[in-house]
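*Asks:* So you can see what is in the structure, the chains are spelled out below.
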Amino acid sequence: MSDPIYQIRNLRQRYNGPPVLDIHRLDIDRGMVTGIQGPNGSGKTTFLRLLAFIDIPWKGEIGFNSRGAGPFSEHPRLAVTFLPQTPSLLQRTVYKNVCYGLKIRGIREDIDTRVEKALSMVGLSMAAFGHRRPHALSGGEAQRVALAARMAVKPKVLLLDEPTANVDTESAQRIKQAAHDAKTRWNTTVIVISHDSQWLYEGCDRILQMYQGRAWDTGNRNVVPGPWQPSADGNWETRLADGQGVAASPPPRPDATALVELSFDRPETGRPETVKGIEAMVTRLILEKKTGRIAVSLLAGDLVFTITTSPSQIEQKQLYPGKKRTVFYAPDHVEWLVP
Amino acid sequence: MEFIAEGFVKAVVLLLQGDAETWSAIVVTLRVTMLSMTASLLLGIPLGFLLGYQPFAGRRQIRMVVDTLLFLPTVFVGLLVYAFISSRGPLGEAGLLFTVPGIAVGQTILALPIVMSLAASATEETAGRLRVTLMSLGANRRQLFLTSLWETRQGIVAAGLVACGRVMTEVGISMMVGGNIKWHTRTITTAIALETNKGLFAMGIALGMVLMVIAFSVNLGAMLLKRK
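Top to bottom, those sequences are chains A and B.
Under numbering that gives the first Met the number 0, the first sequence has 38 at position 39, and the numbering climbs by one with no breaks.
Under numbering that gives the first Met the number 0, the second sequence has 69 at position 70, and the numbering climbs by one with no breaks.
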């Protein structure tokens, strides 16, 4: 049975212009690791700031533990913590940065031990780093200190905005491990934005895809942006960079974006003649540790598609990197995102 | 060049011998600076912080006015204060003309926009940057306000330093409102101007050296404060 910690209803956000986020209904379960991926400008950070109760939504609401909440609401304030992509440290020592969250919670006992543990979770030692000031830290170290400050308070929810984007390999590995530890030690609900597909597919219980402010569960639905033009067969069509056409039923607007369900098997539509194919090259295989399935990345023109499939189908269809394969879709079953 | 070198030698002698006239100007300068800086910091820090911290209707307009006041010429401030506190002015009965408090009033008007503007800029930068960090660590509104204020301390110290430098080195207000009265309202800068006009460089150089020592001490104190 699902146990949502967040209940999002009709959530919309905008900044002096058209909406940049539009999520009709979404629940996020307690104790799960949810990954969010999508191109720049798709609304990922906006969404995470709203989940962190930093910003006030333009419309709609976010329920937290079945109660409405907003910035400075008491029940999520001490439970939810957010690590921005470029976190700012306070102009004080690493030790004082990490214990800030503890102090404002009124925790006075075992501060040294808690700070030491939090620093060790991100691979930093108290002896070497505790007395340092922010200017004496590298970018990766600063990011890890910022994460340690969040880990020190044993959060119920940990929101991470591209935490490994600007750090070295070691820091990235430590950050990933710390996020994993938070879930296993304290049953923390972790929501992470990342372009690191490998991390998301390997470590997340669920992956959300975002595009133009919309969010949906990653499956085999893939984004095909417009512009669309009418074609001779009554469908509409857009051209990929390699010249292939992608067909779809008439869009609501020529610049709408299509969500196309792709498959390695021909979908059963009742009318086989309506099924179309796209030639694409397999570029990467990632194992989803939780399900045992494999996410196959494919390149068609300049678009990257992802289709999740079983290991047996990988072998059966020889879906190995470098191989060209046809992926199928039904133009009549396209969903539309309107900007 | 010789007279300049002689001036330096005589300056050292004047200071070491404790020349009463020289030390009188130093004491008056310190008193005036202390008064005006206390007033401008007490008013300017909270006002500047609020101006940079809290969005409200008319904030940009107020900010524009404050920034414009940064360009106030000291003689114009002196003129206005003189007009208000002279016997014909609305505050004539306060008896502030040609007094140390009178000069301090003028210098406060000079320093206040500097403190406000620079404190507001520092707050805008720091509080904006830290808001997400502090909220995401669980700060409530009061904790957010107080921590932002503390984290802005370096910018506020810098604002105080700039204002202090402007106050200590201005001539116009001290001359017009204070009247440059020996033993009473003669400050370091008005004394330098007067002595130079008389061709007596030694006292001017001595006072200039003292001004630099005071400036160095203020900066040293500020640097120590920033480290905390």
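A few of these clues could be false.
What the simulated footprint calls covered on chain A by chain B, stretch by stretch (three residues with Cβ under 8 Å from a Cβ of chain B suffice, anywhere in the stretch; the number is not a length) [said to hold, decoys possible]: (1) 80-92; (2) 170-181.
Partial selection, computed: residues in chain B whose CB lies under 7 Å from chain A [claimed, not checked]: (3) Glu-124; (4) Gly-127; (5) Arg-128; (6) Val-131; (7) Met-134; (8) Gly-137; (9) Arg-140; (10) Leu-148.
In short, the hints are calculated from the structure, not lab data.
For each residue, glycine too, the CB sits at the ideal point set by N, CA and C.
*Asks:* Next step is simple, just say for each hint if it's right about the structure.
*Replies:* Now the hints, each set against the structure:
With 9 residues bearing a CB less than 8 Å from a CB of chain B, the region 80-92 of chain A meets the requirement of three and the coverage assertion stands. Judged by the Cβ-Cβ criterion of 8 Å, the region 170-181 of chain A is not covered by chain B as claimed, because only 0 of its residues qualify and three are needed. Checking Glu-124(B) against chain A by beta carbon gives a least distance of about 11 Å; that is not within 7 Å, so the hint is violated. Interface restraint check: Gly-127(B) against chain A, minimum CB-CB distance 10 Å, threshold 7 Å, status violated.
This hint holds: Arg-128(B) has a C-beta 5 Å from the nearest C-beta of chain A, less than the 7 Å allowed. A hinted interface residue such as Val-131(B) counts as satisfied when its beta carbon comes closer than 7 Å to some beta carbon of chain A; here the least separation is about 5 Å, so the hint holds. The interface hint given for Met-134(B) is met, as the beta carbon of that residue sits about 5 Å from the closest beta carbon of chain A, less than 7 Å. Checking Gly-137(B) against chain A by beta carbon gives a least distance of about 5 Å; that is within 7 Å, so the hint holds.
At about 6 Å, the closest approach between the beta carbon of Arg-140(B) and any beta carbon in chain A falls short of 7 Å, and the interface hint on this residue holds. Taking 7 Å as the C-beta contact cut-off toward chain A, the hint placing Leu-148(B) at the interface is violated, the least distance being around 12 Å.
The structure does not agree with the numbered hints 2, 3, 4, 10 stated previously, though it agrees with the rest.
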